[in-house]
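Guided by the hints, dock chain B onto chain A, whose structure is given.
Top to bottom, those sequences are chains A and B.
If you count by the working numbering, then the first sequence holds residues 1 to 768, one letter each, in order.
If you count by the working numbering, then the second sequence holds residues 1001 to 1768, one letter each, in order.
Just so you know, these hints were derived from the structure itself, not from any lab.
A couple of the hints might just be wrong.
What follows is a set of in silico ranges between Cβ atoms, one per label pair, in the way DEER data are often shown [as the list claims (entries may be wrong)]: (1) B:1084 / A:271: 40 to 48 Å; (2) A:83 / B:1431: 55 to 63 Å; (3) B:1582 / A:128: 58 to 66 Å; (4) B:1130 / A:586: 46 to 54 Å; (5) A:413 / B:1582: 21 to 29 Å; (6) A:271 / B:1284: 54 to 62 Å; (7) A:1 / B:1585: 34 to 42 Å; (8) A:154 / B:1558: 41 to 49 Å; (9) B:1558 / A:580: 43 to 51 Å; (10) A:30 / B:1016: 14 to 22 Å.
Just so it is clear, CB atoms sit at the ideal spot from N, CA and C, and this is done for glycine as well.
Number of protein chains: 2
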Amino acid sequence: MEIGRSVRRVDAPDKVSGKARYTEDLVPAGCLVAKVKHATIAHGYVVSMDTTEAEKVPGVVKIVTCFDVPKHGFPTAGHPWSVDKSHQDIADRNLLNQHVRIYNDDIAAVIAENTVAAEKAINLIKVEYKELPFYLTPQEALAEGAVPIHPERQDNNLIGSLCLKTDMAGTGYETIEEVFEDEKWHQYTGHYQTAQVQHCHIENPDCFAYMEHDRITVVSSTQLPHITRRVVGQALGIPWGNVRIIKPYIGGGFGNKQDVLYEPLCAFLTTQVGGRPVRLITTREETFQNTRSRHAITLDVNAAYDETGRLQARKLIAVANNGGYASHGNAICANCVTGFRQIYPDNIANATEAYTAYTNRSTQGAMRAYGIPQCAWAVEGMMDDIALELGMDPIDVRLRNISREGYQDPFNGIQVHTTALAECIKKGAEWIEWDKKREEYKNQTGNIRHGVGMAIFSYKAGVYPIALETESARMIMNQDGTAQLQVGAVEIGQGADTAFCQMAAEAVGMKTEDIHIVSFQDTDVVPYGSGAYASRQTYTTGGAIRKVGKLFRERILEYAHELLPNNVELDIIDGQIVDTRLGKSVLSMADLAETAFYSLEHSVHIMAETTHQTKTNTLCFGCTFVDIDVDMALGTVQVNRICNVHDAGKIINPQMAEAQVHGGMSMCLGAALSEEMVFDEKTGRLLNGNLLDYKLPTSMDSPEFKCMFIETNDPTGPFGNKSLGEPPTITAAPAIRNAILNATGVKFFDLPLSPQRLVERFLEEGLI
Amino acid sequence: MEIGRSVRRVDAPDKVSGKARYTEDLVPAGCLVAKVKHATIAHGYVVSMDTTEAEKVPGVVKIVTCFDVPKHGFPTAGHPWSVDKSHQDIADRNLLNQHVRIYNDDIAAVIAENTVAAEKAINLIKVEYKELPFYLTPQEALAEGAVPIHPERQDNNLIGSLCLKTDMAGTGYETIEEVFEDEKWHQYTGHYQTAQVQHCHIENPDCFAYMEHDRITVVSSTQLPHITRRVVGQALGIPWGNVRIIKPYIGGGFGNKQDVLYEPLCAFLTTQVGGRPVRLITTREETFQNTRSRHAITLDVNAAYDETGRLQARKLIAVANNGGYASHGNAICANCVTGFRQIYPDNIANATEAYTAYTNRSTQGAMRAYGIPQCAWAVEGMMDDIALELGMDPIDVRLRNISREGYQDPFNGIQVHTTALAECIKKGAEWIEWDKKREEYKNQTGNIRHGVGMAIFSYKAGVYPIALETESARMIMNQDGTAQLQVGAVEIGQGADTAFCQMAAEAVGMKTEDIHIVSFQDTDVVPYGSGAYASRQTYTTGGAIRKVGKLFRERILEYAHELLPNNVELDIIDGQIVDTRLGKSVLSMADLAETAFYSLEHSVHIMAETTHQTKTNTLCFGCTFVDIDVDMALGTVQVNRICNVHDAGKIINPQMAEAQVHGGMSMCLGAALSEEMVFDEKTGRLLNGNLLDYKLPTSMDSPEFKCMFIETNDPTGPFGNKSLGEPPTITAAPAIRNAILNATGVKFFDLPLSPQRLVERFLEEGLI
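With the rest of the complex left out, here is chain A:
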């Protein structure tokens, strides 16, 4: 069994020794440098631009302004292409913008022999603007009379909306409002707000582009080689087959690189210098302001529940701040409300409304867990507030309401095929000593107060049935009997390559060590893959690998049968061709490979490639438990102990799964306690777009992360597995919020739980 083993990460030796090659390591000698000129207004128009002085800077090769670029509107979301025009992403982008929609918007680019010349020239470009009012919140942008941020669209700054209500038939009520109005139920109302936060991957977005004849190659730190190929084609108005994307190792993405970022501009720039290589790497400041971040969402929740804590009706109105460009459109806010529906589904009625608005903040897009952390922030706060109201244990309230096996979402049909959520909660509670601590932490006074808290989540695998789930994979026999594995799906630091090798080995009957993964994707030769997002890789790509592995195995056995007596019954076990009746190896893979390659009678280079389309989905589950200290006077929270317990189906590689969970917990802790992008009300400018002013926790700020699994065997997962990439980052924030409630009796509704906010609330409550 190769699945379930803690095989060493295949990329570990190169990553720790510095040999692993990232985009930076592949930049060719003599590569030109591009720098982008950014706007210094948050909303308005570039009236004119004077590049005279900039062009005189020695080393400047070419300056391109927003007046020079082609006007092929293009989308940037990392969504698979839809042949249905109404489902295509909003194509509101241009390579450079005369209409400035965010502070720091891209209005010109300089190509130079070196960075110094490029930056000098950028500073010498003179720009004349016409300013317009700008909006930092959806509420302002959606207000009557607001200036449209995309006047070419007819949407009055509303990018999209999705309003869904469950069927009332047979409930005894006509409308959900009637349920809320029914006096026999308790009522809950909460107004929650999340903060705009950034992914803060180590490697800033980086790419370089060059031409060979009439084809453009872009080497890029992306999660989406094939989608980037398509978007570059759209942006430049050239055939998609004329674009080649190469994706080396990347230093993190977390969804930011699930948008096509500067690849189209970089591709365009090489066409402006005769195909010479041009590199465009963003600074950390540009990464904050000009790439993507997590949506600030306003969440208004209502619940009706009985005295036992059983939910009867729920309602969520979520309004997402999307910033200046559509990126993923309303999809993230829609996912947020879908998550709300699915987590405690068994109500008389529920209703969800998702709205996403353009504002003049920097653009918000995909970030790990895609709207679900925002959902959990509200819904898990609500559950603890209800428990408090009823004087019940928060765990008991949850256990009364969690989804069970067999639940099917009425709108998208997603089913709970397996769930160990109750066991996860039990295990987490035991580890944190829930009952004991709850008892101990009653009625505290003094400056340091202790609390325990918890929160739960569910999460789907991939994007079916919202969008297309398709992946291809290929295996090639090497001359020594080892095999190459090539997939369109990408390693982005999450360990996908290792999991893929284990899966292929399992499917064929080989050893993981004998599978060499082709880590870099090159769209010219790699099988098609949509990219790394939606925790879909072990689920959808896993399906493709399982399928190609079976095919590869069949072809090996077919050739083995040519070499062996007629009557043998063969299997492949640990890389050996085994006669199952003798129970022993009759041919090594190495000998088979040598003969297959070099036989004068019948030479076959054993290969297999196939497409796998996933038409299922499934929910994974889990929870976070925390034990904290609150310093009342300083408003600081110290996390003493924290654990996540996951039901992610069958675990492919326990050690790597644990590492994945650690990273997610850390990310969520930052969002819980300190991270927030702050915009200047007067100018619309991001005030803390750098790693000094933006408070990302470091390893010194982090507690020890405990991670546990309850394994289920999901019938729809290719190896019994469910999603694990994003879920670890969902529940730390509400668990801490609930632990603060436990410690202090104070409810928080806004993120982050910063000292400033805590002190303000404690003062309000008269606690300090």
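Only chain B this time, still in chain A's reference frame:
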């Protein structure tokens, strides 16, 4: 029809604009430099080496001597691996040699931060030798009592031999000697000698190697990515799957890069510096001395013929000088005598003997046409001498003896499936005005004398049945309906990529412009291919492309049938899905591709890959005609007019075919008139191993090359085609030899036909 069109070379725009990327263009920043320390004796042993001073040079990272390398003997010939041990190439190489077998042999290597440091260190390494006698000719090396150059072998310096005699049954003679002794036949005896010449490709062998984890990547200017992978594995004693070879564009090879040259050493060196990239590029001098060259072969020919010029019996004893290492072993000399047998085959009897000997010259290996130019030098000289003896026209003598359709070689079974040789001769004779010139050029005196001459050849396609012929190919649909074509076979400047695109387009029904060839081979992902040699690419790889194209076409049509009404009959014409009954396009490839990729119902990434094994061979034919002036006093030959006429079956791309012929003619002219590697009798050192002293003709020295084709449609060629890569370089030398005979009446037997040689012979003959 895509076959037969003069499509523009797909690599032309990048090659003329400097965008095409060669090994040099891919060297990573910070790459270390390796330089090889060469021996200053021609034969002997390194007794000791002192690297103390060398190691002190700033920038030196590591010095490796012949005492430090592993002792896995390995072969270097670009032959497919044989599973039969007795057919494997001679594994007489080591990475560095304590036993020095050629002047300039590799005895140590320095790895440094830069070339200056490396060269400085090389010069500071002190070496103590024990010298042995050295031999520059096979005759010396094979003489009784000669010191063995490879004492570990039991062969007394004879690398190999092949002696074949045709069956005498039914001939009326017992032995071939009886035929020669029969007084009714005329007798011919000739002692011919060819010179050792070098390929002189523009780009010297160049490679760099680095490690990722425990795998080694070598980027190399090679004709043989997959064979190089295997040989590096053998040389380092590591699994072949742990080696990855990447082959970028290369600046010529001509067979020199059909040997594995410095790739194994370079691969070993990166292991000595923790996997850091190390580059090893040879200088021009090293290319001459340490890579490969064309064999100097001594050819003793005998013929018995009747008064009509009909050959009755022929015999050839060929002895090849192989230099210090086996490289291709006896294969080239064996091919030389096979060519002798096949060109005028219909004799009562013929006998051939091929011997290849180690000497202490620099190693001789594959070079364009692999022994056949040497064969043609002797046999085509013989034919003119016989014609002169009989007072006949040399064309008439040849036409009486050439092979006809249906001829089958008694030893290897190779057949003449098609031949237009007689028509080629006719066309060439007309173009050169043969009869008129022969009449005009009779009985000349004076210093400038005119002559016409001609020579013919036959040449096989690929190596079947001598060795394995297997190739794989892959096609991948792009999202815009264009396609990628990926083959293991390599572009080495000959235009293979363009021919492959045309073939794929033809097989599928697409336009050549819509096929994007993946020019670089990367053994991790590319389908298996043996490499560029033996004029096999259009023949064997063509077969693989035809097969994969048909498969790709089937899959396209299968998907088209899903989208279209049941009763349509579909074909692919010019990239359109055509309803053959309506005679019009019903679906574009672009629309089909978009749906196939992105269909929510049935997503398929259309791909095809397959192996093709060739189990046929066929002979192509052709001739050279020349019209020259000889300056008797200066001994110079001026080529006034020259043409080649080829029967290469169906011509894939006429313009490129012509270019291929031009290059071959030029190469043969150099060998005919000026090229020769000269070794110092006293030291064994090569005296003219550089492009100043080695007289390679330039474009200024070249006449206009005329090229004509007579097309046949070979039933075994995938598109009716036969070989064309090597044949153009066979017959210019004997044609000029025969023209000199026509002009002066003087017979030459030794190459090159240099002024020195001509003047000496003219003096001997009393002509000057």
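Checked hints:
1. B:1084 / A:271: 40 to 48 Å: violated, 54 Å
2. A:83 / B:1431: 55 to 63 Å: At roughly 59 Å between Cβ atoms, residue 1431 of chain B and residue 83 of chain A fall inside 55 to 63 Å, so the hint holds.
3. B:1582 / A:128: 58 to 66 Å: holds, 60 Å
4. B:1130 / A:586: 46 to 54 Å: 52 Å Cβ-Cβ, so the 46 to 54 Å window holds.
5. A:413 / B:1582: 21 to 29 Å: violated, 41 Å
6. A:271 / B:1284: 54 to 62 Å: Hint violated: Cβ distance 37 Å, outside 54 to 62 Å.
7. A:1 / B:1585: 34 to 42 Å: violated, 52 Å
8. A:154 / B:1558: 41 to 49 Å: Since residue 154 of chain A and residue 1558 of chain B have Cβ atoms about 43 Å apart, the given range 41 to 49 Å holds.
9. B:1558 / A:580: 43 to 51 Å: violated, 35 Å
10. A:30 / B:1016: 14 to 22 Å: About 19 Å separates the Cβ atoms of residue 30 of chain A and residue 1016 of chain B, which means 14 to 22 Å holds.
Hint check: violations occur at hints 1, 5, 6, 7 and 9; the rest are consistent with the structure.
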